[in-house]
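Enquirer: Residues per chain are reported as follows:
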Amino acid sequence: MSLWLLILGMLAITFMTRFSFFAWPDLRFARAVEQGLHYVPVAVLTAIVVPGMLMPEGELWLDWRNAYLLAGALAIVVAALTRHLLATIALGLLSFFVLRWALGQLPL
Amino acid sequence: MSRSQEFLHGCRDILPLILGAIPFGIIFGTLAVAAGLSPLQAMGMSALVFAGSAQFIAITLLGGGVGAAVVLLTTFVVNLRHALYSAALQPFVRHLPGRWRVPLAFWLTDEAFAVVQHRYARDDASPYKHWFFLGAALTMYLSWQVSTLIGVIFGQAVPNVAAWGLDFAMIATFIGIAVPMMRSCPQVASAVVAGLVALATWSLPYKLGLLAAALAGIVVGVWLERRAERALAGEDRA
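Protein chains in written order, with this note's numbering: chain D, 1 to 108; chain Z, 1001 to 1238.
Hints were generated in silico from the structure; no laboratory data involved.
It is possible that part of the hints are untrue.
The calculated label-pair distances, taken between Cβ atoms and stated as ranges, are [stated by the list, open to error]:
| no. | chain 1 | residue 1 | chain 2 | residue 2 | range |
| --- | --- | --- | --- | --- | --- |
| 1 | D | Gln105 | Z | Ala1233 | 35 to 41 Å |
| 2 | Z | Pro1180 | D | Trp4 | 32 to 38 Å |
| 3 | Z | Gln1117 | D | Leu27 | 14 to 20 Å |
| 4 | Z | Asp1124 | D | Leu81 | 32 to 38 Å |
| 5 | D | Pro107 | Z | Arg1122 | 39 to 45 Å |
| 6 | Z | Glu1229 | D | Ala12 | 21 to 27 Å |
| 7 | Z | Val1146 | D | Arg83 | 24 to 30 Å |
| 8 | D | Leu94 | Z | Val1102 | 26 to 32 Å |
| 9 | D | Gly104 | Z | Arg1099 | 36 to 42 Å |
| 10 | D | Asp26 | Z | Gly1067 | 35 to 41 Å |
| 11 | Z | Glu1229 | D | Val98 | 41 to 47 Å |
Computed footprint of chain D on chain Z; a stretch qualifies when at least three of its residues, placed anywhere within it, have a C-beta under 8 Å from a C-beta of chain D [unchecked claim]:
| no. | region |
| --- | --- |
| 12 | 1105-1111 |
| 13 | 1122-1134 |
| 14 | 1141-1152 |
For glycine and all other residues, C-beta sits at the position ideal for the given N, C-alpha and C.
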């Protein structure tokens, strides 16, 4: 039940951000807020990605057997070179599962 | 163009972006079941929230046993970019009645914004461009629901799916979104600072480190951008 409340809360918050400027036709951003918003996606996504790659099990894991780190590094290179989202996801996932399979980390 | 032509062009133009979203939806459905959501809850989240990255982060956080307040706060931070989209499209929808603006806002995703902005930028005087918006948004919405359903079925059929490490799909997706955005020095610095602070604050309770890291990255980015502007202004005067 509480999960449904959480979903409704997420609905309210997501809708609020999307409807914000549609609701008030005269609303404008302060310049500092607008500048700050431009850094939100990169900062938030990086803050999720970096611990996900370096500490997938909750502790720092700097090791060549860490498939999250190796496949993530490859995905970063692909993304920087191609700027193509689908290519990044496809090559990243492919290398991740090949590595996990080669290292015997898949539950097969 | 007529209303129905605009609508159909909207459906058509968003198709390439949907190809990218379908695997994302399938993986979300699979992971949601693995994280302990019921199939109905997983479908409900896609139907009601309809925000891919926020949904991914929510189930990742829930899997890590984080409280609802932090999930909601994270949803807010991750979705702030939608306020930018809302601001960008505001001049084109302000004349529409509420029965249009409310659903169009609900369906305003990254993908819909990309094609709709393109349509509004073309300088023909079509009065029905909001029908294009509707067609693109509805197509995106339907494909998100279908792909979530496929993922939910897949997640239930494959035993021990949580041990496969499908959460890497989210990491790869976020890399694919974030890295191409790092085109300026302040953007790169913002990312580096956010990443380092996220590592340093990992042990904070309720994943508060994520918020600290995001805030640190934003502050550094804005600070560097303003410093560059001041330097440029100084050169102009010299």
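Enquirer: Taking 36 to 42 Å as the hint, is the beta-carbon distance of Gly104/D and Arg1099/Z inside that range?
Expert: violated, 57 Å
Enquirer: Taking the Cβ atom of Leu94/D and the Cβ atom of Val1102/Z, is their distance within the range 26 to 32 Å?
Expert: Check failed, 41 Å falls outside 26 to 32 Å.
Enquirer: Look at the Cβ atoms of Gln1117/Z and Leu27/D and judge whether their distance stays inside 14 to 20 Å.
Expert: Check passed, 19 Å falls within 14 to 20 Å.
Enquirer: Apply the coverage criterion to the region 1122-1134 of chain Z and chain D: a residue qualifies when its Cβ sits closer than 8 Å to a Cβ of the chain, and three qualifying residues are needed.
Expert: It is violated, with 0 qualifying residues against the three required.
Enquirer: A range of 39 to 45 Å was offered for this pair. Does it hold for the Cβ distance of Pro107/D and Arg1122/Z?
Expert: violated, 51 Å
Enquirer: Mind checking, does the region 1105-1111 of chain Z have 3 or more residues with a CB under 8 Å from chain D?
Expert: Check passed, 3 qualifying residues.
Enquirer: Using the beta carbons of Asp26/D and Gly1067/Z, state whether their distance is inside 35 to 41 Å or not.
Expert: holds, 37 Å
Enquirer: Test coverage of the region 1141-1152 of chain Z by chain D using CB-CB distances below 8 Å; three residues minimum.
Expert: violated (count 0)
Enquirer: Is the hinted range of 41 to 47 Å satisfied by the C-beta distance from Glu1229/Z to Val98/D?
Expert: Once the Cβ atoms are compared, 46 Å apart, the range 41 to 47 Å for Val98/D and Glu1229/Z holds.
Enquirer: Verify the CB-CB distance for Pro1180/Z and Trp4/D against the hinted window 32 to 38 Å.
Expert: holds, 36 Å
Enquirer: Mind checking the hinted window 24 to 30 Å against the Cβ distance between Val1146/Z and Arg83/D?
Expert: About 28 Å separates the Cβ atoms of Val1146/Z and Arg83/D, which means 24 to 30 Å holds.
Enquirer: Using the Cβ atoms, figure out if Glu1229/Z sits within 21 to 27 Å of Ala12/D.
Expert: violated, 36 Å
Going down the numbered hints, you'll see the structure goes against 1, 5, 6, 8, 9, 13 and 14, while the others check out.
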